[in-house]
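Produce the entire structure from the sequences given, and follow the hints as far as they go.
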Amino acid sequence: MYEYIIGNLTEIYPAYIVVENNGVGYQIASGNPYQYSNQVNQQIKIFVHQVIREDAHTLYGFNTLEEKIYFYA
Numbered sequence: 011m012y013e014y015i016i017g018n019l020t021e022i023y024p025a026y027i028v029v030e031n032n033g034v035g036y037q038i039a040s041g042n043p044y045q046y047s048n049q050v051n052q053q054i055k056i057f058v059h060q061v062i063r064e065d066a067h068t069l070y071g072f073n074t075l076e077e078k079i080y081f082y083a
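Numbering of the sequence shown is given in my numbering, commencing with residue 11 and proceeding in unit increments.
These are calculated hints, taken from the structure and not from any lab test. It is possible that part of the hints are untrue.
Stated by the list, open to error - If you anchor each label on the Cβ, the simulated ranges turn out as follows:
(1) 79 - 42: 14 to 20 Å
(2) 14 - 44: 18 to 24 Å
(3) 83 - 33: 32 to 38 Å
Predicted model only: the values in this text are computed from it and were never measured. Quick reminder that beta carbons are idealized off the backbone N, C-alpha and C, glycines included.
Dropping the structure here:
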């Protein structure tokens, strides 16, 4: 499991953002990816939760640890 990812925010799409870390672009699902609009091409720290299913591996992103904890509830 991943706790968080620190990297460069490179792209924003309607359902997810892309954070690059060590040459790997991580697709991170977000309920409101446009909240990160002012951080494009800047380093960010995003808390993540990985969901592994039969047909997909998905990272869900959160601004704070508290938001991530609420996701579990």
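Here is how each hint holds up against the structure:
1. At roughly 18 Å, the beta carbons of residue 79 and residue 42 sit within the given window of 14 to 20 Å.
2. For the hinted restraint 18 to 24 Å between residue 14 and residue 44, the CB-CB distance of approximately 21 Å keeps it satisfied.
3. Taking the beta carbon of each, residue 83 and residue 33 are about 35 Å apart, inside 32 to 38 Å as hinted.
In this structure, every one of the numbered hints holds.
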